[in-house]
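As given, the protein sequences belong to chains A and B, one line each in that order.
Going by the numbering used here, the first sequence opens with residue 175, and the numbers climb by one from there.
Going by the numbering used here, the second sequence opens with residue 462, and the numbers climb by one from there.
Hint data in this document are derived by calculation from the structure and do not stem from the laboratory.
Just to be clear, a hint being listed does not mean it is correct.
[What the hints assert, rightly or not] Not everything, but these chain A residues come out facing chain B in the computed CB check (under 8 Å):
#1 Gly206
#2 Pro231
#3 Gly236
#4 Phe240
#5 Gly243
#6 Ser249
#7 Arg276
#8 Tyr277
From the three backbone atoms N, C-alpha and C, an ideal C-beta is built for every residue, glycine too.
Here's the letter readout for the chains.
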Amino acid sequence: MPTMNMLQAINNALDIAMAEDEKVICFGEDVGIFGGVFRATSHLQEKYGKTRCFNTPLVEQGIIGFANGLAAQGSVPVAEIQFADYIFPAFDQIVNETAKYRYRSGDLFNVGGLTIRTPYGGGIAGGLYHSQSPEAYFTHTPGLKVVVPRNPYQAKGLLLAAIRDPDPVLFLEPKRLYRAAVGEVPEEDYQLRLGEAEVIKEGSDITVVGWGAQMEVIGKAVELAEEQGIACEVIDLRSLLPWDADTVVESVLKTGRLVVSHEAPLTGGFAGEIAATIQERCFLYLESPIRRVTGLDTPFPLALEKEYLPDHLKIFEAIRESVNF
Amino acid sequence: MMTNHVHQPVFMTGDELSIATFSLLDAEGELYSGATEPPLEREHARRLYQAMLATRILDERMMAAQRQGRLSFYMQCMGEEAAVIGATAALNDADMIMAQYREQGALMYRGFSIDEFMNQLFGNELDYGKGRQMPVHYGSRKLHYMTISSPLATQIPQATGYAYGQKLAGDGLCTLTFFGEGAASEGDFHAALNMASVHKVPVIFFCRNNGYAISTPAVEQFAADGIAPRAFGYHMHVLRVDGNDVLAVYEAVRQARQIAVEHNQPVLIEAMTYRLAAHSSSDDPSGYRLKSEEETWRLKDPVLRMQKWLLKRGWWSEEEETQQQESLRREVLDTMKRAEKRVSPPLESLVSDVYADVTPELQRQFDQLKKHIRRYPDAYPRGARSLDLDVETHIDSQGDA
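So here's chain B without its partners, still in its complex pose (with noise of 0.2 Å):
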């Protein structure tokens, strides 16, 4: 602790530091004059734009489908692609991430196929999470994207500790954790940067201001200058940027996960950007927001700025582009008919992951169960076809029953 002793009393309050935005590209896609760009090379830029835009069209084409009553629920990662696939595409692709719920994108950047996706957003029998949890609760292990849960900040701590056992394990790994600006208001944000700060801790915060938490504006979140100078509190390394600006967002990440990995600091990031549509498929925005405010911000649409950046510089083209809105369209649109067909996880998966392996008593309620819905199989078609009944079952589509 320094000690630098004054005899008068001086109050502060944290206005005598101000925190400068990191950003690269204009709304143009044009670099700041003084800007440099970051180490991208064409096909890395390419691999990251087309994972923004596929995120964009499945977001696009899933809250038409829960309009249209063919999903219970859907979240929308519009105008956070360039944050939070920004971020993933600086990271290893074997580092963990430890998301909120509106990071989709991060899984198109590694590879998560749309029939994953999908298997998931309808819980039939090929989803990873055996139908258990609601729309969007992602998770796979092959490409080290940890299962969503839906309390908040939960997995911030979480990520501390994951690091901590990478560090330890020395495989040169580290965490990148996403959460909103509202989630860092819950105590286990603050518990994970204290605890990553003082055990030294390769994990990246990396918080996506969008300026709403459902309907809560940041102002009624927070007094002070954002989130980020709550890094100061810990002795944290801290940068804000741009987060409608992908390159910047890159280049941050990019040099974050280096005091990250190679110094084992964690350091948080302040992505600053905008939830352009509702919170989920159950908000309505228009109960707290203008549209104008929206309106401001989609001229500073992420996906465009990167969009017109490639194109100046000839890596990518309209034909490319139209070609590739077209048949990711259609993949979408094939991929959600297949997967809502599928029929729901068998009746063993209500009770097998609890623990390792079932217990006594788990078994014996089960087999109460299965007793139960033979003696009603009509009202439990689900359940009921997995016990090889003769059952009448309709095809499963949650929400159009």
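Chain A extracted, bound-state conformation (with noise of 0.2 Å):
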């Protein structure tokens, strides 16, 4: 099997659905010749021609409304926003457009084809506007579909199915791992599912989820308190929207104790939309709080940025206390 890092599989995913369906088309800012900042959209221009994958003029709104009446008509498009901080101009052609179409049309229309892809996440010194991960305001949006992908093989299983599925995903990139994370992908195609968690590691004793990026920092985390005699165990949501509660529910039953971990600001995080769905439906099986390991109330700062992170000490503190409770 390939060995491929997560740009390589997100391109090689890209390949795949454009080759397979004409109606595929891939655009953004840069994402052309360049094939984009990152280039996840490299040679696909040369590929399969300028008009199925090209540079948009810089205006995000624009972007997601020429995609979503690109969709409305019946094709496929996947666009590109260079960095999720610079997704909210194209907020209200998310969530009053992209989201609703379906709905208020009775089912006439809908943007189903489309895929957004963007690249979130801090712990690459972006400071605050190359490190935000915008998930929460999204997840607050029925009619959206939102999916993380952890690593390579995730990345291309998750994104083909996000461009198949019929109803429009917000595919958020962890771009620390684009070229960090290394791994096998198979050659040929594969979807993985979406709205489905995987648990990564069992354990008795707690149960630890996150996502994306943050299910490296969890597995450093996870290692020092098995050291500790700790037995953890490990779910990676995968998808934020719906998300998977009955393997959290069924996994804090077993175990009592729950960490939920994000980069983004504590306050009207998503940890606390799965802390309050496990408390109502675990009440009485808890042994502890449910804490949650996130970043602070605060922009995401730049010269302290390891201080302000979610880190595996901070994760591995939460999880020792939950344990001692």
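Got two chains here, each in a separate frame; can you build the complex from them with the hints?
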């Protein structure tokens, strides 16, 4: 099996999707001949021509407005927003248009063919505007699907599933892992189901939940915990909307303890949603309060990024405290 | 980019260019001297006029119904029928229309039935939109009319994208998008025009410059000479047209369509018109404009102007006019009675179409809701009815509870 980094896996998925279906069209700022600032769309213009892979003017609301119309027409647009930090000019198009197209028309029209790819997250010395994790703004929007891969294998399988899904998908790519995450990726076409979490590791003492780049950090924390004899069950949500509550509930019914971690700020973060659901459905089984290990309620910092981030030590502490509660 | 160096600074404002208004018919329905009649056959002209008349009558009746409390909300096209219907008549009926909300005339022209209008207005079980949107948010897949969305200008970049797809499909069709001069202040307008020009997209941007964005007059909306000059910034074909002159609008869009479809070039059209009615049933123009101003525009009524032209040609008669008006009024009233008696869409339509399939979490919430409604059926009569409960339910009429 070939080895790929996450960018290669994404590029490979786009290549497969474009080869298979001529309605698949990739565009965004700098995605044409340059292949995107991260090179996720490398060589696609050479291969499929300028009408199917092209640069757009620098206007996020235009990119997504255009993509909505193109999807409504029956094409399968894969629009790139260069950084998730710059998705907000397109917020109206995504929240009021993409998400509501099918519902408001009584299913006369839909933009289910649309996939929006965007790199998110910190750890790359990107400061306020190249580091944000805006997932919670979008998980509050019925009609969208929100998906986050953690490694190259997932990136390919989930992206192919997102492109072919009958609903619009916001595909958040952990840019810190673009080149850092390397792994075996099958050459052939495959899909991973959206809306399904993955239990990465079984354990009986505590459940630790995350997604995307944070899974690597959780992995390190869990190693520390295991050294102290704490058996952790680790779950990667993979999809945040809709999210697989059943898998987390099943796990917490067994362990009685839960830690959720994300890079985004605490207040209004998606961990709050998970915590609320789990306390509703597992109340009598909980042995300790559900812990959230997240970024602080500040804009994303630069010089003090390391202090801000919910690193493995903070997660390890939360695991320890939860077990010793 | 053209480089032409000068060695003294020359500031420009755009006043160097003046954009004329294309018009063919005067207020009396006479062709201006030097004007050429567009190629419009008798039957086509009659179809166009009948749609104008039907739109006017639908608007009158529905506004009255709203005032009687039978309808929650309404928006009239009055004064802009020539702009909307003239443009639509110049398209291929399979071209996509992405409208703002005041363009019911386009649907009327394409054959949306009065029943179909009414079902949407009353949000009943037959409404294609399943009772989810406020009145006038029509949509029709078979008539290539995109369902209306309340947020302004969002349809404009979508039209660019839709038309890009049409170009790739190579079916010789284009998209026309309607918007007001107020909506043209939104960022989406600029994004749409720029992208359309850069990517050579067969789309027609049709601005209804009707003088007001609710209460804000055009002079407080932009400082330039209307919307038309913006096209220069995008190197786009542009034409300003008398929006109350249906022949001019028809010819403008007919030629714009050729530019769009044959040359894959977008076109901007600015139709100068006037919103004779209030913005909506919730608005009262007496708070922001003079009756005398409305009167001067009433003299330029686009429906009368077209009628006069048709009468002079012998393509329409006073008898037909009277007969048509009467039968339309009767049809609107009869249809309204039917539509308002129909039940609301079933409870399932609350959760369907959020996604292609109802998600497990949404299903859980829906089951919970049904359980709750079974406990308190009288508090939720519309929902309870579709749960087959034995509930006393009265006829739903929005605003007439």
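The hints, checked one at a time:
| no. | hint | in the structure |
| --- | --- | --- |
| 1 | Gly206 | 12 Å, violated |
| 2 | Pro231 | 5 Å, holds |
| 3 | Gly236 | 3 Å, holds |
| 4 | Phe240 | 4 Å, holds |
| 5 | Gly243 | 3 Å, holds |
| 6 | Ser249 | 4 Å, holds |
| 7 | Arg276 | 5 Å, holds |
| 8 | Tyr277 | 5 Å, holds |
Going through the hint list in order, the structure does not satisfy hint 1, though it satisfies all others.
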